[in-house]
Every structure is written in C-alpha cells, then in structure tokens.
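Chains A and B supply the protein sequences, listed in that same order.
For the first sequence, numbering that gives the first Met the number 0 begins at 0 and goes up steadily by one.
For the second sequence, numbering that gives the first Met the number 0 begins at 0 and goes up steadily by one.
Calculated directly from the structure, the hints in this document are not laboratory data.
Where hints are given, some of them may not hold.
As the list claims (entries may be wrong) - Computed from the model, here is a short list of chain A residues facing chain B with C-beta under 7 angstroms:
(1) G55
(2) P58
(3) H59
(4) V156
(5) L171
(6) L400
A virtual CB, placed ideally from N, CA and C, is assigned to each residue, including glycine.
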Amino acid sequence: MITFPILSLMTFLPLLGALLIFCLRGDEKSVAGNARIIALLTSLVTFGVSIFMYAGFDPHAAGFQFVEKYRWLTGFDIHYKMGVDGISVFFILLSTLLTPICVLASWKSIQSRVREYMMAFMLLETTMLGMFAALDLVLFYVFFEAVLIPMYCIIGVWGGKNRVYAAFKFFLYTLLGSVLLLIAILAIYHQTGTTDIPTLMASSIPSGMQKWLFLAFLASFAVKVPMWPVHTWLPDAHVEAPTAGSVILAGVLLKMGGYGFLRLSLPILPEASHYFMPLIFGLSVIAVIYTSLVALVQEDMKKLIAYSSIAHMGFVTIGIFAMTTQAVQGAMFVMLSHGIVSAALFLCVGVVYDRLHTREIARYGGLVNNMPVYAAIFMIFMLASVGLPATSGFVGEFLVLVGTFKVSTLTTFLAATGVVLGAAYMLYLYKRVVFGEIVHDDVRKMTDVSAREIAVFAPLVVLVFWMGIYPSSFTAPMAPAIEKVITRYDSANHIVPHAPKGVAAPEVH
Amino acid sequence: MQLETVAVFAPLLGAAIAGLFGKKIGDKGANFATCTLMLVSAGCAVALFRDVLFLHHPHTATLLTWISSGALKVDWALRFDQLATVMVTVVTVVSCCVHFYSIGYMAHDKARARFTAYLSLFTFAMLMLVTADNLVQLFFGWEGVGLMSYLLIGFWNGKESANNAAIKAFVMNRIGDFGLALGLMATFFLFKSLNFDYIFAHAAEMKDATIMFLGHGYGALNLICALLFVGAMGKSAQLGLHTWLPDAMEGPTPVSALIHAATMVTAGVFMVARMSPVYEYAVQVRMFITVMGGLTAFVAATIAITQFDIKRVIAYSTMSQLGYMFFALGVSAYSAAIFHLFTHAFFKALLFLGSGSVIHAMGGEQDMRKMGGLYKKIPQTYVLMWIGSLALAGIPLFAGYYSKDLILEADFAKVGDAARFAYWLGVAAAFMTAFYSWRMIFMTFHGKPRADKHTMDHVHESPPVMLVPLYVLGAGAMFGGWAFHRFFVGDARQAFWGKSLFVLKGDHTVAMAENIPAWAAHAPVAVGVIGILVAFWLYMKATKLPAKIAKAFKPLHSLLFNKWYFDEIYHALGVVPAFIIGRALWKTGDGKIIDGLGPDGVAKAVAGGARKASKIETGYIYHYAFAMLAGVVAFITAYIFCVQN
Numbered sequence: 000m001i002t003f004p005i006l007s008l009m010t011f012l013p014l015l016g017a018l019l020i021f022c023l024r025g026d027e028k029s030v031a032g033n034a035r036i037i038a039l040l041t042s043l044v045t046f047g048v049s050i051f052m053y054a055g056f057d058p059h060a061a062g063f064q065f066v067e068k069y070r071w072l073t074g075f076d077i078h079y080k081m082g083v084d085g086i087s088v089f090f091i092l093l094s095t096l097l098t099p100i101c102v103l104a105s106w107k108s109i110q111s112r113v114r115e116y117m118m119a120f121m122l123l124e125t126t127m128l129g130m131f132a133a134l135d136l137v138l139f140y141v142f143f144e145a146v147l148i149p150m151y152c153i154i155g156v157w158g159g160k161n162r163v164y165a166a167f168k169f170f171l172y173t174l175l176g177s178v179l180l181l182i183a184i185l186a187i188y189h190q191t192g193t194t195d196i197p198t199l200m201a202s203s204i205p206s207g208m209q210k211w212l213f214l215a216f217l218a219s220f221a222v223k224v225p226m227w228p229v230h231t232w233l234p235d236a237h238v239e240a241p242t243a244g245s246v247i248l249a250g251v252l253l254k255m256g257g258y259g260f261l262r263l264s265l266p267i268l269p270e271a272s273h274y275f276m277p278l279i280f281g282l283s284v285i286a287v288i289y290t291s292l293v294a295l296v297q298e299d300m301k302k303l304i305a306y307s308s309i310a311h312m313g314f315v316t317i318g319i320f321a322m323t324t325q326a327v328q329g330a331m332f333v334m335l336s337h338g339i340v341s342a343a344l345f346l347c348v349g350v351v352y353d354r355l356h357t358r359e360i361a362r363y364g365g366l367v368n369n370m371p372v373y374a375a376i377f378m379i380f381m382l383a384s385v386g387l388p389a390t391s392g393f394v395g396e397f398l399v400l401v402g403t404f405k406v407s408t409l410t411t412f413l414a415a416t417g418v419v420l421g422a423a424y425m426l427y428l429y430k431r432v433v434f435g436e437i438v439h440d441d442v443r444k445m446t447d448v449s450a451r452e453i454a455v456f457a458p459l460v461v462l463v464f465w466m467g468i469y470p471s472s473f474t475a476p477m478a479p480a481i482e483k484v485i486t487r488y489d490s491a492n493h494i495v496p497h498a499p500k501g502v503a504a505p506e507v508h
Numbered sequence: 000m001q002l003e004t005v006a007v008f009a010p011l012l013g014a015a016i017a018g019l020f021g022k023k024i025g026d027k028g029a030n031f032a033t034c035t036l037m038l039v040s041a042g043c044a045v046a047l048f049r050d051v052l053f054l055h056h057p058h059t060a061t062l063l064t065w066i067s068s069g070a071l072k073v074d075w076a077l078r079f080d081q082l083a084t085v086m087v088t089v090v091t092v093v094s095c096c097v098h099f100y101s102i103g104y105m106a107h108d109k110a111r112a113r114f115t116a117y118l119s120l121f122t123f124a125m126l127m128l129v130t131a132d133n134l135v136q137l138f139f140g141w142e143g144v145g146l147m148s149y150l151l152i153g154f155w156n157g158k159e160s161a162n163n164a165a166i167k168a169f170v171m172n173r174i175g176d177f178g179l180a181l182g183l184m185a186t187f188f189l190f191k192s193l194n195f196d197y198i199f200a201h202a203a204e205m206k207d208a209t210i211m212f213l214g215h216g217y218g219a220l221n222l223i224c225a226l227l228f229v230g231a232m233g234k235s236a237q238l239g240l241h242t243w244l245p246d247a248m249e250g251p252t253p254v255s256a257l258i259h260a261a262t263m264v265t266a267g268v269f270m271v272a273r274m275s276p277v278y279e280y281a282v283q284v285r286m287f288i289t290v291m292g293g294l295t296a297f298v299a300a301t302i303a304i305t306q307f308d309i310k311r312v313i314a315y316s317t318m319s320q321l322g323y324m325f326f327a328l329g330v331s332a333y334s335a336a337i338f339h340l341f342t343h344a345f346f347k348a349l350l351f352l353g354s355g356s357v358i359h360a361m362g363g364e365q366d367m368r369k370m371g372g373l374y375k376k377i378p379q380t381y382v383l384m385w386i387g388s389l390a391l392a393g394i395p396l397f398a399g400y401y402s403k404d405l406i407l408e409a410d411f412a413k414v415g416d417a418a419r420f421a422y423w424l425g426v427a428a429a430f431m432t433a434f435y436s437w438r439m440i441f442m443t444f445h446g447k448p449r450a451d452k453h454t455m456d457h458v459h460e461s462p463p464v465m466l467v468p469l470y471v472l473g474a475g476a477m478f479g480g481w482a483f484h485r486f487f488v489g490d491a492r493q494a495f496w497g498k499s500l501f502v503l504k505g506d507h508t509v510a511m512a513e514n515i516p517a518w519a520a521h522a523p524v525a526v527g528v529i530g531i532l533v534a535f536w537l538y539m540k541a542t543k544l545p546a547k548i549a550k551a552f553k554p555l556h557s558l559l560f561n562k563w564y565f566d567e568i569y570h571a572l573g574v575v576p577a578f579i580i581g582r583a584l585w586k587t588g589d590g591k592i593i594d595g596l597g598p599d600g601v602a603k604a605v606a607g608g609a610r611k612a613s614k615i616e617t618g619y620i621y622h623y624a625f626a627m628l629a630g631v632v633a634f635i636t637a638y639i640f641c642v643q644n
C-alpha cells in the first residue's frame with residue numbers, strides 16, 4: 000500500500016514549524032515577531048493540509064482511510080500506523096482549526112518568551128494530531144501522554160498567579176490515569192499479541208478481563224473528560240492558563256477522553272462497556288447537575304465556563320455509552336460543538352481580560368454600552384452553550400437525549416435538567432458582565448473588539464450556525480464509523496432493537 | 000411556492016438589515032426596512048389565507064434537510080395547512096400593526112434599530128414555529144420566540160428589574176421546554192419519527208401502547224401529551240409556570256402586545272391544537288388540561304381585579320383568557336380555542352397598545368392610581384379601549400362574544416365533571432373579566448385627574464402612526480368575530496379546517512354547544528353585564544367602597560394582591576436552595592472532599608504538613624515521585640492479577 004503519507008505530513012508539519020522557530024536568531028523583539036508569523040503560517044498550512052485531506056475523505060466508508068503503516072518496534076508487532084475514520088477526522092479538523100486561532104489570540108497577550116510559547120503550541124498541535132490519527136495502541140499512548148507536556152508548560156510558564164499549583168494538579172490527576180492506561184495496553188498486548196487498533200476492534204477479549212481493562216481505561220479517560228469526581232483539576236487549570244491555553248484545553252484536550260472511550264473502550268471492550276454503563280450514566284448525571292449548580296455560584300468567569308464544560312461533557316459520556324445511533328452521533332456532535340463554543344467563550348473572556356486583567360465577574364457590568372459588537376458575539380456563543388436550536392449546541396444535546404431515552408428514561412430525565420440549569424447560569428453570567436449600567440470607571444474606558452479579534456471569532460461564528468442549521472454535513476460522514484461500533488457493541492451484548500409494549504415495532508420512516 | 004417563503008423569510012431579512020446595518024442606515028432606514036418587509040409578509044399571508052382556507056389548498060414546502068441521524072430525519076419546512084395559515088395571518092397582521100406602532104412609541108429611544116430588528120426576528124421565529132411540519136422545527140420556533148421574548152423583556156438592559164424579568168422568563172420557559180423536549184423524545188421513541196404527517200397517521204395504532212418512564216408504565220399517548228403540555232404550560236403561562244408573564248411587562252409595551260398577548264403566549268394553544276390527532280387519544284390528559292385551564296382562568300382573573308399597574312391588569316387578563324383557550328382544547332373544541340386565539344389576538348393587542356398610548360401620554364406612568372380623567376384629552380384612545388374591553392368581556396356583536404361564549408357553551412355541553420368545573424370557573428372569570436376591564440377604564444379615564452399638573456398638561460393624543468394600527472386592531476376586535484365565526488366554528492367549519500384539526504368520531508362538542516339550556520348559554524353575557532355595572536358602581540359612584548372592601552377582607556385581598564404568593568414560594572423553594580446547594584457542592588464537595596482527599600490530600604501527606612499551596616512549589620518533584628511510586632505499585636498489582644486470571 001503506497002499512498003502519499005498525508006497524515007504524517009500533517010502531523011509533523013507543526014513540529015517542523017517548531018524547529019524553525021527554535022532556529023530563529025536576533026534580538027528578542029524580532030524573534031518574537033518572527034516566531035508569531037512562523038507559527039501562524041505553519042498552523043494555517045497545516046489547516047490547509049487537513050482540509051485537503053478531508054476533501055479526499057470518503058464519507059461513505061466505515062473503515063480507516065489514508066492508512067500508513069511502517070515497522071517500528073520489530074519483534075513486538077508494534078507499528079507506526081496512522082489512519083482516520085469518520086470519528087477521528089473531525090477531531091483532526093477541530094485541532095487544526097483551533098491552533099491558528101490560538102496563535103492569533105495570543106498575538107498581543109503573550110509578550111514574554113514568545114518563541115518558547117509558539118514552539119509549545121506547535122508541539123501541542125503535533126501531539127494532538129498524532130493522537131487522533133494513531134492506529135496503534137502504543138503510538139496512541141505515546142501521543143496521548145505527549146500532549147500533556149506542552150500543555151503542562153503552557154499553564155506552568157505562561158499562566159496566572161497560582162499556575163504552579165494548577166499545573167501540578169493537572170499533572171497529578173492525569174498521571175495517575177496514564178499509568179493505568181499503560182498497564183491496560185500491556186495487558187491487551189499480553190492477551191492478544193497485537194496493539195493494532197483495527198485488529199483489536201474485531202478481536203474478543205474475555206469478559207472478565209475486559210472489566211479490569213475497562214476500569215484502567217476509565218481511570219485515564221475519565222480524568223481527561225473530565226468526569227465527576229475527577230474533575231477538580233479543570234477549573235484550576237483553566238483559571239490559571241493563558242487564554243489560548245484554555246481555548247485548546249477546552250476545545251481539544253477535553254475531547255481526548257471522549258475520543259478514547261469511543262475509539263478504544265467501546266470497540267475493544269464492548270461487554271465491559273455495557274456492564275459499566277450504569278456507572279457511567281450515574282457519574283455523568285451527577286456531573287451534569289452537580290457542576291451546573293456549582294457554575295451558578297461562580298464569581299470567576301473562567302471557572303464558570305470550566306464548570307459548564309464539565310456539565311456538557313456529562314452529555315458526551317451519556318451519549319457514548321447509550322450506544323444508539325442518535326446518542327453516539329449526538330455525543331460526537333456535542334464534542335465538536337463544545338470544541339467550538341467553549342473555545343469561543345474562553346476567547347470572549349480573553350478579550351475582556353486583555354483589557355482589564357481580571358476575571359472577576361463583579362468587576363464588569365454594562366459592557367453592552369461601550370462594546371456592542373463584543374456583546375453580540377458573546378451573546379451568540381452564550382446561546383450556543385445554552386443549546387438554542389439553530390446553533391450547534393442544540394443538535395448534539397438533543398440527539399444525545401433522544402438516543403438515550405430508549406436506554407434509560409431516568410438518565411434522560413435527569414440529564415435534561417441540565418438544560419434548565421445551563422440556561423440559568425449562562426444568562427446570569429451574561430447579565431452580570433454585559434447588561435446593566437456601567438459602574439466601574441475603568442470598564443467605561445474599555446474599547447470594542449479589534450479587527451484581529453473579529454478575525455478570531457468570525458470562523459467560529461460561522462461554524463456555530465453551520466453546525467446548527469445544516470448539521471448533516473457533520474453527522475453524515477461520521478455515521479458509517481459510528482454504526483460499525485454500534486453493530487459490534489450490539490452483537491457482543493446480544494441487544495436487539497426493542498419497541499414499546501403494545502405495538503409491533505413500527506416501520507422506520 | 001414562493002408566497003410562503005416570502006411570508007416567512009421577509010421578517011428575517013428585515014431583522015438582518017436592521018440588526019446588521021442599523022448603524023449605517025440609521026433608525027429611520029431600519030424602521031423603513033422592517034416595516035416594509037413586514038407589510039409584504041402580511042400581504043402574502045392574507046393572500047395565502049384566501050388560497051388555503053377559502054380555496055382549500057393546504058400544502059407543505061420543504062426547504063432543507065435539518066437533522067438526519069439514523070431513523071431520525073427532520074426537515075426545515077413550511078407547512079401551510081389551515082391551522083398554520085390562520086396562525087400565520089394572525090401573527091403577521093398583528094406584528095405589522097405593532098411594527099408601525101413602535102415607530103411612534105419608541106421614537107425617543109436610543110436603540111430603535113435594535114428594537115425593530117428584534118421584533119422582526121421574533122416574527123420570523125414565530126412563523127417558523129407555526130409552519131413547522133415536525134416537532135423539532137416547532138421546538139426551534141418555540142425556543143426562538145423564547146429567546147426574542149428574553150431579549151425584548153430585557154430590552155432596557157440598564158434596568159436591573161428588566162434583566163431579572165428577562166432571565167426569569169427564559170428559565171421558567173426552559174422548565175416548560177424540559178417537558179416539551181422529553182415529550183419529543185418519547186414521541187420519537189414511540190413513533191420512530193417526529194414528522195407530523197407520520198405521527199398523525201399512526202396515532203390510532205398507538206392508543207394501547209405503553210411506555211416505561213422513570214420506572215412506571217404509562218399509556219404512551221397520555222405520557223407524550225402530558226409531557227408536551229408541560230411545555231405549553233410554560234409558554235402559555237398556565238397556573239404553576241405563569242409567574243414570568245406579569246414580570247414580562249418590564250419590556251416595552253409593543254412587545255407586551257405582540258409577544259405576551261397576541262402571539263407567543265398562544266404557542267402552547269397552537270401546539271395542542273396541532274397535535275390534536277394525538278391529544279384526542281389522551282383522555283386523562285385532556286381532562287387535566289380542562290381543569291388547569293379553568294383554574295388558570297379563574298386565578299388570573301382574581302389577581303387582575305386587585306392590581307394597579309395598568310399593564311399587569313392586562314397581563315393577568317391575558318393569562319386568564321389563555322386559560323379559556325385551554326379548557327376549550329380540553330373538551331376537544333379545538334376550533335373554538337383557535338377562534339378565541341384569533342379574536343383575542345386582535346382585542347388584546349388593541350388593549351395593550353391602547354394602554355401603551357395611555358402610558359405614552361402620561362410620560363411613562365403605569366400606575367392607575369395616578370391616572371384618571373384622561374378621556375377628554377385622549378378621546379380616540381379612550382374609544383378604542385372601550386372597543387377592546389367590550390370584545391374582551393364578550394359583549395354581543397364584539398369579537399370576544401363569538402369565541403368566548405362558544406367555549407363556555409362547549410364546556411357545558413361536554414359530559415363530565417372536569418368540563419362542568421371549568422364551565423363554572425369560566426363563568427366566574429367572565430364576571431371578573433368585565434369587572435376588572437371597567438375598573439381599568441374608570442380608573443384611567445374617568446374621575447378626577449390624580450396626576451400632577453405638569454403631567455396632565457403634557458397628556459396628548461398619540462400620533463397617527465400609533466393610532467392607525469390601533470384602528471386596524473379595533474376593526475378586528477369589532478368585526479373579527481362576526482365576520483369569521485361561520486367559518487371557524489359555524490356551518491362552514493368542516494370545509495374551512497379540512498384535516499388540520501382532528502376530533503374523534505362521535506365527539507361534537509362544538510356542534511352540541513348550540514343545544515344547551517338557554518340559561519347556561521346566556522349566563523356568560525349576563526355576568527359580564529353585571530360585572531360592568533358593579534365596576535361602575537364601585538369606581539364611579541361609591542368610590543370609597545373599594546378601599547373599605549379591601550380592608551374588610553384583608554387576608555383575601557393580600558392573597559390576591561400578592562398574586563397568591565407564587566413568586567415568594569418559588570423563590571424560597573427554587574432559587575435560594577439552588578444557590579445554597581451550588582455553594583455547598585463547590586466549597587465542600589469540590590474543595591474539602593474531592594480536593595481534600597485527592598490532589599491536595601496527597602500533596603499534604605507527601606510534603607509533610609505543608610499547609611499552603613505556595614509550598615507545593617518547592618516540593619512538587621517529590622509529589623511527582625510519590626505518584627510514580629503509587630502508580631508502579633498499582634501497576635504491579637494489576638499486572639499480577641491479570642496474568643493470574
């Protein structure tokens with residue numbers, strides 16, 4: 000199989016950019032300027048490559064495409080293997096889209112060690128892309144863990160006052176999961192003799208062992224999602240991270256957990272996934288209600304959005320483990336939508352933070368008077384987060400709930416309360432920041448969004464409406480890959496479609 | 000084909016022009032764009048009204064696939080059947096009046112372009128709601144009008160009370176939408192489709208189906224209808240989920256007329272009528288609706304008789320009238336409910352805009368205790384308010400008479416306790432309706448002026464741009480019932496409605512309404528006249544008596560004046576606990592328990608009593624090492640365990 004290694008090209012382009020930035024010489028100012036430009040160009044080219052790749056992507060195929068396979072650890076049947084399907088391709092696009100936006104968002108707000116900062120972001124992009132494209136467990140693990148290093152640096156070096164505490168907490172949590180993930184991978188290799196993901200997706204592991212493996216995977220992925228109760232690192236990490244760090248953390252890194260579940264846990268461990276479904280539902284429902292209530296009382300904008308992220312991710316885990324077509328597509332859609340919307344919300348916080356250098360909600364108020372364009376942009380993303388129809392936020396949560404109804408009405412019922420609470424905390428936030436009369440003098444001096452900032456938001460606004468009004472562009476290509484996972488799950492667990500009592504199963508319309 | 004698209008999308012275009020380019024084209028340009036396009040939309044709607052309802056050409060235009068996920072497939076579509084077309088006509092005509100009226104009413108506002116853009120966008124959302132051919136698009140419109148309502152209630156966003164009212168409206172509606180959304184899910188679970196045509200065609204087959212919901216088995220159609228009705232209760236301010244509506248009066252008066260009287264709040268009524276092929280099989284739920292409607296009509300009227308804010312009186316009156324519509328739906332008199340929706344839209348919008356004219360004249364004053372004696376200064380408004388009130392009170396020949404009387408007669412004709420209960424509450428409410436309407440008229444327009452001289456000198460009749468829309472609505476309030484009752488509820492009703500409203504065979508409440516005893520048929524009008532006379536006596540003759548009565552029946556008056564304490568109860572049971580629990584989960588749950596036992600606990604243990612987070616900085620390598628160690632131990636344990644297995 001000789002195809003052009005577009006995935007590798009895409010994955011390592013940012014690394015090349017990082018090397019270029021590393022080689023920059025000159026005085027600090029020119030290095031900073033050039034580093035920004037190289038980072039922006041590299042990330043844009045990478046985005047272009049990913050679009051080019053997507054143009055050649057066959058939306059009707061369930062299997063992996065653009066597969067590359069090279070021998071890596073000879074003697075162990077461990078390969079360097081890359082490929083994408085309808086599930087991973089969208090995460091790749093999300094990553095390549097958000098990276099240039101992050102670079103642009105940091106243009107002015109990062110003034111110290113710009114070269115290192117941009118290098119960290121380029122490295123981060125390489126590791127993210129590698130993680131989403133990897134088709135070998137070991138390769139996946141390497142990238143999965145490597146993502147943490149640049150992120151850890153971004154929080155720890157360019158973060159706020161308590162950055163070290165936050166970075167430490169972030170690392171401690173994720174590390175524990177990583178160790179267990181590694182054990183699980185070794186055990187799988189020990190059991191099946193392969194680490195090839197497509198092969199594993201078709202092989203069967205004894206159900207007793209599946210349960211242990213599942214718990215090990217869960218320890219790792221649950222932290223990333225994050226699921227309750229291993230979520231407390233996220234608010235701290237967000238609060239301390241620079242704006243772009245939060246954007247990428249919320250936009251892409253939180254999806255690693257959901258992606259891990261969908262890529263590894265469910266296809267490789269279908270029986271255990273079914274067995275532990277109630278546990279996941281329970282934790283997710285707690286997450287939705289608990290963190291929504293906590294979000295209601297936050298006084299720090301970033302913390303509020305961080306807690307709301309956890310609530311949204313609760314929908315993701317519910318949808319993934321409900322394992323019906325609508326629920327899984329919905330979970331994917333929530334992840335993509337949240338990638339756009341939460342990223343944009345953190346950018347919104349960044350805009351005012353750059354002007355006033357505080358995230359305290361009470362320090363603002365009345366922004367609509369002097370920043371009307373900002374108010375409108377913030378409103379769009381606030382509403383998308385609330386899940387208003389015709390924005391991206393609605394489609395995903397709606398599909399998750401529709402798809403979960405037939406698995407567990409209780410879960411659906413409880414999760415749906417999050418929709419009410421979500422409206423409460425977001426509108427309450429918006430009111431305190433944007434509406435009202437201006438009471439602080441320094442707020443009155445704040446200027447509306449600049450052209451650069453509008454350029455940052457523009458693609459996200461377009462996507463929010465595109466995903467909301469014509470979601471089929473996104474759900475159709477992911478459908479075959481998802482169907483494949485569901486079919487395997489259903490046959491492993493002997494699930495047959497059931498209808499309500501009293502009627503024959505009606506025909507599909 | 001084209002007419003529908005223009006009717007629905009012209010307001011969207013107007014909103015886009017005014018909203019995006021309002022700064023460039025100025026307020027006048029924005030007003031011009033939105034009003035012209037609204038006029039176009041209303042023109043198309045009237046043409047469609049003729050085509051669909053009199054030439055009997057119902058049809059659906061599909062625009063675009065919206066959501067397609069497995070078996071779930073829904074489109075963006077414009078369904079113009081009889082029911083939808085009636086709604087489209089009401090919405091566009093009233094909206095057109097309100098758009099023009101707003102030019103005058105909002106003339107001194109700073110953000111006129113934004114206001115008119117919101118009005119147009121609201122109209123678009125409402126049109127999408129009523130022309131939906133599936134439940135999801137209906138939900139889109141439903142949430143869309145909720146959003147616009149939120150934005151318009153909070154239009155004067157410098158006011159804290161307006162912002163709070165806006166949030167309250169949105170969140171209360173979300174509670175209703177929570178039910179509606181669950182109803183959608185149950186519908187999809189049962190029918191495997193959310194398209195109206197499919198659901199209606201298969202509803203009869205499902206009448207014995209059961210669904211397990213939260214551990215109990217329920218009759219599937221009853222469950223679906225009950226859940227959907229929760230949504231209707233929120234949107235249409237039925238008792239229990241109504242407290243947002245009076246507060247919504249914080250918005251500018253044209254908003255109250257358009258959204259909180261004529262159109263959005265009737266969405267719940269529309270939805271139940273739309274789903275009539277399903278509701279017909281949900282007998283228990285319809286009984287519940289009948290009782291809820293009756294209670295709402297009654298309770299809202301009792302509150303209205305004690306209020307002093309002119310807009311709140313009309314707001315409670317709206318809530319009361321919505322109650323009438325619901326108990327009509329409950330007894331399968333769908334056509335009567337929609338007819339009342341139709342006439343109510345005109346006379347209630349008239350009353351609101353008329354009260355807006357009063358408020359405009361009084362320089363923003365809304366308290367009736369500070370009005371009085373205005374009839375000479377604003378005679379046209381005065382006459383129009385009389386027309387609106389006569390229609391509201393159901394005085395013969397005015398619009399409300401035809402629809403409200405029929406509803407009460409249909410409830411009397413229907414066999415059953417629920418219907419009879421609603422009838423008596425409805426008659427009682429009819430008495431109170433007449434009473435509070437004339438109380439309002441007498442307090443506002445008659446007697447001695449209670450405002451200061453400066454305000455009274457300022458009082459002036461509204462400009463033509465405000466009066467002409469009032470005359471249009473006045474014409475509707477006078478002739479709407481007389482002209483249309485034959486089609487909506489009379490002999491021609493079968494042909495008029497076609498298949499858009501469904502009633503089970505053998506259930507002819509609307510037809511039977513003609514054959515009830517004379518006393519029952521005349522009672523509503525009789526109590527209405529008595530109500531007017533009582534109001535005349537209390538507020539024109541014995542003007543000191545109302546205060547005495549209020550004093551004599553202090554507990555009762557306090558209960559009514561304080562709106563049965565719903566707000567206070569909800570605040571104490573809902574809002575306050577949410578914040579207390581939120582804080583407890585945050586500080587104790589996340590802080591003390593999870594962090595305390597998790598990362599911070601580990602840090603403490605390892606750093607040997609390091610109390611401050613700053614100290615972690617010096618010791619974090621050790622923590623890292625400890626975690627590694629713990630990991631390795633876990634690793635070995637698990638590995639051994641797995642291998643042994």
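Consistency of the hints with the structure:
Taking 7 angstroms as the C-beta contact cut-off toward chain B, the hint placing G55(A) at the interface is violated, the least distance being around 23 angstroms. Nearest Cβ of chain B to the Cβ of P58(A): about 13 angstroms, over the 7 angstroms cut. The hint is violated. A cut of 7 angstroms between beta carbons decides the hint on H59(A): the least distance to chain B is about 14 angstroms, and the hint is violated. Because the smallest distance between the Cβ of V156(A) and any Cβ of chain B comes to about 13 angstroms, over 7 angstroms, the interface hint for this residue is violated.
The closest approach between the C-beta of L171(A) and any C-beta of chain B is roughly 5 angstroms, which is under the 7 angstroms cut-off, so the hint is satisfied. Interface restraint check for L400(A): the shortest CB-CB distance to chain B comes to about 6 angstroms, inside 7 angstroms, so the restraint holds.
Checked against the numbered hints above, the structure violates hints 1, 2, 3 and 4; every other hint is satisfied.
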